[in-house]
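*Asks:* Listed here are the chains, written in short residue letters.
Number of protein chains: 2
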Amino acid sequence: MRIWIEEVYMNSASPLFLRAIRKEAVDRTPLWMMRQAGRYLPEYRELRQKYDFLTVCKTPELAAEVTLQPLRRFGFDAAILFSDILVIPEALGQELRFAKNHGPLLNPVVRSAEDLATMSAEGIEEKLDYVAGAIQEINRHLDPQVPLIGFSGSPWTLAVYMIEGQGSKNFQNVKKMLYTDPELMHQLLDLLTDAVIRYVKMQVQAGVKALQIFDTWGGILPIPLFQEYSARYMQKIIDAVQSEDLPVTLFSKGGIALLEELKDSGAAMLGVDWGTDLARARSVAGANAALQGNLDPALLYGSKKVIAREVERCLQVFGAESGHVCNLGHGILPDIPVDNVAFFVDQVREISSRLHKSA
Amino acid sequence: MRIWIEEVYMNSASPLFLRAIRKEAVDRTPLWMMRQAGRYLPEYRELRQKYDFLTVCKTPELAAEVTLQPLRRFGFDAAILFSDILVIPEALGQELRFAKNHGPLLNPVVRSAEDLATMSAEGIEEKLDYVAGAIQEINRHLDPQVPLIGFSGSPWTLAVYMIEGQGSKNFQNVKKMLYTDPELMHQLLDLLTDAVIRYVKMQVQAGVKALQIFDTWGGILPIPLFQEYSARYMQKIIDAVQSEDLPVTLFSKGGIALLEELKDSGAAMLGVDWGTDLARARSVAGANAALQGNLDPALLYGSKKVIAREVERCLQVFGAESGHVCNLGHGILPDIPVDNVAFFVDQVREISSRLHKSA
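First to last, the sequence lines map onto chains A and B. Counted the way this note's numbering counts, the first sequence spans residues 1 to 359. Counted the way this note's numbering counts, the second sequence spans residues 1 to 359.
Hints are supplied without guarantee of correctness; some may be wrong.
Chain copies aren't distinguished; within one or between two, either way the pair holds.
Claimed, not checked - Below, in silico cross-link-like pairs of lysine-lysine (DSSO-like), each with a Cα-Cα straight-line distance of 30 Å or less:
{"hint": "1", "residue 1": "Lys100", "residue 2": "Lys176"}
{"hint": "2", "residue 1": "Lys169", "residue 2": "Lys50"}
{"hint": "3", "residue 1": "Lys100", "residue 2": "Lys127"}
{"hint": "4", "residue 1": "Lys169", "residue 2": "Lys100"}
{"hint": "5", "residue 1": "Lys304", "residue 2": "Lys169"}
{"hint": "6", "residue 1": "Lys357", "residue 2": "Lys201"}
{"hint": "7", "residue 1": "Lys236", "residue 2": "Lys209"}
{"hint": "8", "residue 1": "Lys201", "residue 2": "Lys100"}
{"hint": "9", "residue 1": "Lys23", "residue 2": "Lys100"}
{"hint": "10", "residue 1": "Lys236", "residue 2": "Lys23"}
{"hint": "11", "residue 1": "Lys23", "residue 2": "Lys357"}
{"hint": "12", "residue 1": "Lys127", "residue 2": "Lys357"}
{"hint": "13", "residue 1": "Lys169", "residue 2": "Lys305"}
{"hint": "14", "residue 1": "Lys23", "residue 2": "Lys209"}
{"hint": "15", "residue 1": "Lys127", "residue 2": "Lys201"}
{"hint": "16", "residue 1": "Lys176", "residue 2": "Lys305"}
{"hint": "17", "residue 1": "Lys176", "residue 2": "Lys209"}
{"hint": "18", "residue 1": "Lys209", "residue 2": "Lys263"}
{"hint": "19", "residue 1": "Lys236", "residue 2": "Lys305"}
Simulated from the structure, these hints should not be mistaken for lab results.
From just these sequences and the hints, can you work out the full model?
*Replies:* So, in structure tokens, the structure goes:
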């Protein structure tokens, strides 16, 4: 199993991805893609014909194999643990299923204090020890210059799934709890924060070199409620792993206003969604944190001309300066042609190398 | 048919709604709700048992009846024409259906230059003359202190529907056209801008006193593309009706960044979606335009305590000052209890009257 390594940072002390987060000098902008291990890859689809999604997550050898697949093809600058944010609700007692042509399903849903009564974060590490196993297995094969990113859903985002039980358009049940029983909502968020902290500490112990908290549903909160229900719980997670000396990235989908709310959170890096202007994001939050993002995942449907133009526009925001990790602004879509990904990856390397040389 | 009129502006020369948009002194904050004529009202559901949605839109007496229903109950400060933004694609030749438990469906979809070739905005006024009929019928019954708002979808938002043919999660087909054939996209947007201008001019001639452009899908554009594909076409519409001396409201769903992009558009008022902080919106765009919004529609599921708290938070942003039209930050949801709407309306009147008195 050979991992692609670029000569330019072969002999550096510290991986490109981590240097960019710390705003140390870099020769080019590091790149990885959210959902880089996934359905757009033929080798992933082939493996998934034999094993269902949760079996892959729970079998360290399989999780390691799919984690490494995109690195073999494209030599990304970071690997991300193959798993799902909903393993926490499952470990807390909800049944987790992935139905065909449907998103995830959690049963039974949490709607009342009674539904919460039997749930406890204690012992969650044992229930999720297959994740530690996957991390160790991945690291056995991974080039040390390619850091492995561990991750979790944010307490708010996990709460949304646990209450709705599935994807939602209006998030009716979450909103009903938010606006009729804020105390119960906070009880659930406290439980989840405890669970997430235990979970990410276990990941760190198993060997991840960075953490990302996915706050996919941060944007369904009106801004005046975002601090109280999402940001402050994520901040507790950052505080809890502060002594571990590894960078935490917060990724709240919901535009520039959320970056403003998160810039003082202590996060080493903030994820920028594709709907946000990266230049504005830099002026709002770039002094406090590195930024990750933020090309439209659908751009990879595009012509070479348009892909090159938008990559250039994105990379120009930081130019020759450090503090930027290039990524899509959301997960790669499952029907993106692999050739377009290859072209995109080449463009990011080529353009960012040029921009850093010209400095 | 009696329309509720508040004494306080009975003798004013100009309706409260229009005064607030012009930032003239007001005694309280005017209020209406997007989708105020709709399924949450028992009298609307009763009428809809006899007539399907498009029949109501296309029959002036029925459209007038449902437009007036919420005014009889709640005495809102503006009426909005009962119609649908997709009557334009229908007039351009796409078949429009509303399937049960499904959003609208447009057939055949627009994906190529050939699909566009047979479409023309010419004569659209004749095809949509039932809208002029509805406007005249509504005005026959409407108190002159309650202005009737006409509306249209934005060219971009109509293009999204025409290309996808239905609601979408990833807007795959729109994005493919955007990133592979920008010229074709602009052709479609030019056609739609022509159609919208003809349509809103017809509405003005028929008697609407204000216009709102719904840019529901503005937020699916990355910000660097928003001017080119949405904002500049909306601006053409504003320019085209400038001589009519009636206020145009632009409502792009997509957060504070879009308000920044729209603040110099010449719009008299900007709609603020519920995900945006109204205070921030005011500091970004409030010097140029009045603001409309922006309570979370799901707030109306809430307890009286929480509804009152959030209404107060919203109204405090403008305090005793003019330039604000209170509204939800998106359409009212169909299963909101009517009693909660009544409580919400009372709270807005009571709190805003208090805030204006204390000045």
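*Asks:* None of the hints should be skipped; say for each whether it holds.
*Replies:* Now for the hints, and whether the structure bears them out:
1. For a Cα distance limit of 30 Å, the shortest separation of Lys100 from Lys176 qualifies both inside one copy, at 29 Å, and across copies, at 25 Å.
2. For a Cα distance limit of 30 Å, the shortest separation of Lys169 from Lys50 across copies, 28 Å, qualifies, whereas the shortest one inside one copy, 32 Å, does not.
3. Taking the shortest alpha-carbon separations for Lys100 and Lys127, only the intra-copy value of 26 Å comes in at or below 30 Å, while the best inter-copy value is 43 Å.
4. Within a single copy, Lys169 and Lys100 get their C-alpha atoms as close as 19 Å, and across copies as close as 16 Å, so both meet the 30 Å cut-off.
5. When the C-alpha separation of Lys304 and Lys169 is checked against a cutoff of 30 Å, the pair qualifies only between copies, where the shortest distance is 24 Å, while the shortest distance within a copy is 34 Å.
6. Proximity of Lys357 to Lys201 under the C-alpha cut-off of 30 Å is found in neither arrangement, the shortest distances being 39 Å within a copy and 55 Å between copies.
7. Only within a single protomer do Lys236 and Lys209 lie at most 30 Å apart by alpha-carbon distance; the minimum there is 19 Å, versus 52 Å between protomers.
8. In this homomeric assembly, Lys201 and Lys100 never come within 30 Å of each other (Cα to Cα): the closest approach is 33 Å inside a single copy and 48 Å across copies.
9. Proximity of Lys23 and Lys100 under a CA criterion of 30 Å is satisfied in neither setting, with 43 Å inside one chain copy and 54 Å between copies.
10. Taking the shortest alpha-carbon separations for Lys236 and Lys23, only the intra-copy value of 24 Å comes in at or below 30 Å, while the best inter-copy value is 44 Å.
11. For the homomeric pair Lys23 and Lys357, the shortest alpha-carbon distance inside one copy (17 Å) is at most 30 Å, but the shortest distance between copies (53 Å) is not.
12. Neither within a single protomer nor between protomers do Lys127 and Lys357 lie at most 30 Å apart by alpha-carbon distance, with minima of 49 Å and 60 Å respectively.
13. With identical chains, the CA atoms of Lys169 and Lys305 are at most 30 Å apart between copies only, with a shortest distance of 26 Å across copies and 35 Å within one.
14. Taking CA atoms no more than 30 Å apart as the test, Lys23 paired with Lys209 passes inside one copy only; the shortest distance there is 17 Å, against 55 Å between copies.
15. For the identical chains of this complex, Lys127 and Lys201 are intra-copy neighbours only, at 14 Å inside a copy versus 65 Å across copies, given an alpha-carbon limit of 30 Å.
16. For a Cα distance limit of 30 Å, the shortest separation of Lys176 from Lys305 across copies, 13 Å, qualifies, whereas the shortest one inside one copy, 47 Å, does not.
17. Proximity of Lys176 to Lys209 under the C-alpha cut-off of 30 Å is found in neither arrangement, the shortest distances being 39 Å within a copy and 36 Å between copies.
18. Taking the shortest Cα distances, Lys209 and Lys263 sit within 30 Å of each other inside one copy (22 Å), while across copies they are farther apart (44 Å).
19. For the homomeric pair Lys236 and Lys305, the shortest alpha-carbon distance between copies (29 Å) is at most 30 Å, but the shortest distance inside one copy (44 Å) is not.
Figure legend: structure checked against the earlier numbered hints; hints not met, in rising order: 6, 8, 9, 12, 17.
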